[in-house]
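Student: Residues per chain, in single letters:
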Amino acid sequence: MKMSKSIYRVIIPFLIIHISLVSFAEVNELSDYYKTIRCLVCEGQSIQESDTEFSINLREQIQKKYSSGISIEEINQELIKIYGEEISFNPPKNHILLWGTPLIVLIIIFIFIRNKIKFFKRV
Amino acid sequence: MKRHLLLPVVGLIVLVVSVLFYFNQSTNKNNSRDDVSNLIFETPDFYNNKLINENTLGEFYIVNFFASWCKPCLAEHPLLMEMKKKGVKIIGINFRDDEENFKEWINEHGNPFEYVLRDDGTIAYEMGLIGVPETFFIVNKITQKKIQGPLFYEDVEKYL
Amino acid sequence: MISYLGNSFIYISLVLTILFYTNLLKKVIPSTTSSLKLIYFINLIPFVLLVYAFSISDFTLLNVVENSYVDDPIFYKVTSAWGSHEGSILLWVFLINLFGVFFLYKNQTLEIHKNILFISTLFILYVVVSSNPFTYVEANENVLGLGLNPILQHFLFVIHPPTLFLGYIGLIIPFVVSAHMLVNKNFSEKLFKEMLIWSKISWFFLTGGIVLGSYWAYSELGWGGWWFWDPVENISLIPWLLNTALIHSLQVSIKSNQLKLWSLNLGLYCFIASVFGTFLVRSNLIVSVHSFATDPLRGLFLIIIIAYLLAMTVRLNIKSISNFNEDSFNLLSRESFLLLNNIFFICSALVVFIGTVYPLFSEMILKTSVSVGAPYYNFAFNLLLAPLILFMAFAPQINWGKHEKKDKQIPFIIIFSLLICLVSYYFSKNFYFALSVFITVPLFLKSILVLKNNFKKNISFYSQWLAHLSIGFFIIAAVYTEQFDYEENLLFEKESTNEIKLQNNKTAIIKNIKDEKFQNYQRISVDLLIYDGQKEKELSPSKNIYQPSGQVTSEVSTTNKLFSQYYATISTIESNKVGINLVYKPFINLLWLSTIMLVFSIFLSVVKKR
Chain P
1 MKMSKSIYRV IIPFLIIHIS LVSFAEVNEL SDYYKTIRCL VCEGQSIQES
51 DTEFSINLRE QIQKKYSSGI SIEEINQELI KIYGEEISFN PPKNHILLWG
101 TPLIVLIIIF IFIRNKIKFF KRV
Chain B
1 MKRHLLLPVV GLIVLVVSVL FYFNQSTNKN NSRDDVSNLI FETPDFYNNK
51 LINENTLGEF YIVNFFASWC KPCLAEHPLL MEMKKKGVKI IGINFRDDEE
101 NFKEWINEHG NPFEYVLRDD GTIAYEMGLI GVPETFFIVN KITQKKIQGP
151 LFYEDVEKYL
Chain X
1 MISYLGNSFI YISLVLTILF YTNLLKKVIP STTSSLKLIY FINLIPFVLL
51 VYAFSISDFT LLNVVENSYV DDPIFYKVTS AWGSHEGSIL LWVFLINLFG
101 VFFLYKNQTL EIHKNILFIS TLFILYVVVS SNPFTYVEAN ENVLGLGLNP
151 ILQHFLFVIH PPTLFLGYIG LIIPFVVSAH MLVNKNFSEK LFKEMLIWSK
201 ISWFFLTGGI VLGSYWAYSE LGWGGWWFWD PVENISLIPW LLNTALIHSL
251 QVSIKSNQLK LWSLNLGLYC FIASVFGTFL VRSNLIVSVH SFATDPLRGL
301 FLIIIIAYLL AMTVRLNIKS ISNFNEDSFN LLSRESFLLL NNIFFICSAL
351 VVFIGTVYPL FSEMILKTSV SVGAPYYNFA FNLLLAPLIL FMAFAPQINW
401 GKHEKKDKQI PFIIIFSLLI CLVSYYFSKN FYFALSVFIT VPLFLKSILV
451 LKNNFKKNIS FYSQWLAHLS IGFFIIAAVY TEQFDYEENL LFEKESTNEI
501 KLQNNKTAII KNIKDEKFQN YQRISVDLLI YDGQKEKELS PSKNIYQPSG
551 QVTSEVSTTN KLFSQYYATI STIESNKVGI NLVYKPFINL LWLSTIMLVF
601 SIFLSVVKKR
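Residue numbers (this note's numbering), protein chains in the order written: chain P, 1 to 123; chain B, 1 to 160; chain X, 1 to 610.
Hints listed in this document are in silico derivations from the structure and should not be mistaken for laboratory results. Watch out, some of these pointers could steer you wrong.
To be verified - With beta-carbon atoms standing in for the labels, derived distance ranges:
1. B:Lys145 x X:Ile74: 49 to 57 Å
2. B:Asn101 x X:Asn498: 43 to 51 Å
3. X:Lys494 x B:Lys50: 35 to 43 Å
4. B:Asn111 x X:Asn498: 51 to 59 Å
Claimed, not checked - Computed cross-link-like contacts, DSS-like style, restricted to lysine-lysine with a CA-CA straight-line distance of at most 30 Å:
5. B:Lys71 x X:Lys26
6. X:Lys402 x X:Lys543
7. X:Lys494 x B:Lys103
Claimed, not checked - A few chain P residues that don't get close to chain B, going by computed Cβ distances all over 12 Å:
8. Leu15
9. His18
10. Tyr34
11. Leu40
12. Thr52
13. Glu53
14. Asn57
15. Glu60
16. Gln61
17. Ile62
18. Ser71
19. Glu78
20. Tyr83
21. Gly84
22. Ile104
We put the beta carbon where it would ideally sit given N, CA and C, even for glycine.
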């Protein structure tokens, strides 16, 4: 039991720092942002990676908006409004099942470790 | 160990499902923009350099995106000509095109459009264009139908 | 002729299989081993025939007409045999039987081979019902063939699909062996060892196949990306992750006699995952660059096969689940860390699975279409794999059973790597790179310390460290490439601009434009020089126009600078101007090198057993 308590002291802060670090990394450059926008006419590529008229135009329009001072977040909102959620490779966070899975999985792993100490040792 | 895992796992699943259903309502809305971009009425016509007169357009009209470099646009061109004859008002938007090529294209194949606007991509972006040719059927400034790719006879049968 | 032969061999094999299962074959051939050999060999023939038909361009086969062109080089003619859906399923059958034959030399247990044969027959039925490549058409002298898709005309494409398929199908051996062991409750060490070897062989091919595919995408698709979370890549990653877990848990089963049921159940799911992957690709359920089947019957039949295999698996799971708690071991032991590794890998596989099928789910249930891409997977993998890599540095040093000795180096290593991490953050201002430094530095340090002290251990020790080290190199290289690459669009105009200054004070100069004709394509290439004052690097990206389709592909040209690479493609080419897309990929070669090391390490550990 003593062991498991000390494990908690290490794991829980680690978990909190880890999750927050990973989730707060943001895109703040245009070329990185392009990589999250799907080219709707070319199956699975982003507009950064494709040279179709659609992608070229979207890049130009986004560039124009960005240099006129509109933030990437606002541009993204507008794009989703025009083209639907499909346009973004970065689905909105309200898809709980999708975004929640890694978190839940991580928590289950730690529950598993905790249980393992108690139960596997008993035999 | 299995017993002790069961409870949190089931609890989490229930939580996820309920939250999911809660958010379901907000994600379910139709995201595409229905109204026509105002840019259409702010851009002057290519030939007579005047803005589109909304009153002469009437309730129903068609917005067609085309370009001279686009081969499928040629395929639907005869249908557009046909519709013009029947009195359907079509606004043609020339998408990212070279001016000379565009003029040549219209001269060679004929002009089915009531108004022709030249677009550097801004109107296309606002209207959510995916690729030329694309056609919007508009009633009372609301997009009723959108056809991506060339029109076929069946699509426009009722206007002919 | 070939159409006739191919069909007859398929039917002969079906008849023989039925005779074999009803024990009627025994009356003709008394030995089961030789009758098994016979059936396996007959099942190998149809694919060989198909390859032959492609190599001589036999246009009496519809499949050849649709996927091959008479003037294609012989190399690509052969490739076309598995470039189509029908051919690739036949290759699948061929490989199942190939593994069957090889496994027959090692192990003659009838039940196991019956299972292999059964799965092979399911796929042969699939070939017969919905994707028969031996469909006959009237020969016509004017038929020249429609040609193989030009982007598939690449030497890597010749080896990538078969390698990947070898990896997928290699998992059939762990599958049938674990099914056999679970059914008969026969947990002999010999079978576990066999399972380990075969899963390592499969891992070798699987890793190789994934890397080749990735390299193909990098060098052919022309945007400098090497991994783009395409559904097809994801579904090849799922069996890979599960197989990695399997290799680790089998160590525990063999060395310390624990986690046996765990490994066996995992062994079942590895193969299920690879069949499921094939199903997703072939059924066109998920739109992706790779899918080329559109017939709903094909998907339906595959889903029946999967449902059947899955039902069998779940039945075996339920049978064994009550015995799961039998294992017991200490927290600080090699076993518990290997179990932890397993959980991380299985969970990552689960995350990839969710991400891949979520768009489908969302479209059917939530009625919104979403795209799940790199941002999601980056998030999930950072979350899950970062702790795993940290453990990887220390776990291999922990003893089996119970670890008594305290490792005094750990705090120093952690502090040291934190320090390096902070320094690298200070210089690079990049969170991802700093994180990757933090998780990999302990691994490198530990490797140096360990290798210094244990100089004469055996090969398996070295292969393990090599594998872990190459994962470390891979992560550093991958993160560095992705975070610090940069792209420039250069527009050259004839007469006026021949020279463009680049971001890093180098100059790009355009030389001449060439137009050449080859056997089945025409190439327009541009010679580009990158000049940095003393040295110059030469690049010649090109556009190829293929016959007969007239399809145009952009060919990439690269030039190396130690571990980094310039990567150029032509974006536009007109009479008066040339647009070139130049990407600088730092450390990309280290990435490929680390994957080669990874594949080599598993090769070592398979070979040493012989």
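Student: Each hint: holds or not?
Tutor: Against the structure, the hints:
1. Taking the beta carbon of each, B:Lys145 and X:Ile74 are about 51 Å apart, inside 49 to 57 Å as hinted.
2. Between B:Asn101 and X:Asn498 the Cβ separation comes to about 27 Å, which falls outside the hinted range of 43 to 51 Å.
3. For X:Lys494 and B:Lys50, the hinted distance range of 35 to 43 Å is satisfied, since their beta carbons lie about 39 Å from each other.
4. Between B:Asn111 and X:Asn498, the C-beta spacing of about 41 Å breaks the proposed range 51 to 59 Å.
5. Among the hinted pairs, B:Lys71 with X:Lys26 is inconsistent with the structure: their alpha-carbon atoms are about 65 Å apart, more than 30 Å.
6. Between X:Lys402 and X:Lys543 the CA atoms are separated by roughly 62 Å; this puts the pair beyond 30 Å, and the hint is violated.
7. For the given pair, X:Lys494 sits about 26 Å from B:Lys103 by alpha-carbon distance, which is consistent with the 30 Å threshold.
8. Look at P:Leu15: its CB is around 15 Å from the nearest CB on chain B, clear of 12 Å, so calling it non-interface holds up.
9. Look at P:His18: its CB is around 19 Å from the nearest CB on chain B, clear of 12 Å, so calling it non-interface holds up.
10. Consistency note on P:Tyr34: stated as away from chain B, and its beta-carbon is indeed over 12 Å from all of that chain's, at 14 Å minimum.
11. At roughly 5 Å, the least C-beta separation between P:Leu40 and chain B is not larger than 12 Å, which violates its mark as non-interface.
12. Not every CB of chain B is more than 12 Å from the CB of P:Thr52 (nearest about 8 Å), against its label as outside the interface.
13. Its closest Cβ contact with chain B, about 6 Å, brings P:Glu53 to no more than 12 Å, contrary to its assignment away from the interface.
14. Not every beta carbon of chain B lies more than 12 Å from that of P:Asn57, the smallest distance being close to 4 Å; the non-interface claim is violated.
15. Chain B draws P:Glu60 into its interface by the beta-carbon criterion, the shortest separation being 6 Å against a cut-off of 12 Å.
16. Its beta-carbon lying about 4 Å from the closest one in chain B, P:Gln61 breaks the requirement of being farther than 12 Å from that chain.
17. Look at P:Ile62: its CB is around 9 Å from the nearest CB on chain B, not clear of 12 Å, so calling it non-interface is violated.
18. The claim that P:Ser71 lies off the interface holds: its Cβ sits roughly 17 Å from the closest Cβ of chain B, which is beyond the 12 Å cut-off.
19. For P:Glu78, the requirement that its beta carbon stay farther than 12 Å from each beta carbon of chain B is not met, with the minimum near 9 Å.
20. Interface exclusion of P:Tyr83 from chain B breaks down, the closest Cβ pair being 5 Å apart, not more than 12 Å.
21. A beta-carbon of chain B is positioned within 12 Å of the beta-carbon of P:Gly84; the least distance is around 4 Å.
22. In this structure P:Ile104 is not separated from chain B by more than 12 Å, as the shortest Cβ-Cβ distance comes to only about 5 Å.
In this structure, the hints that do not hold are numbers 2, 4, 5, 6, 11, 12, 13, 14, 15, 16, 17, 19, 20, 21 and 22, in rising order.
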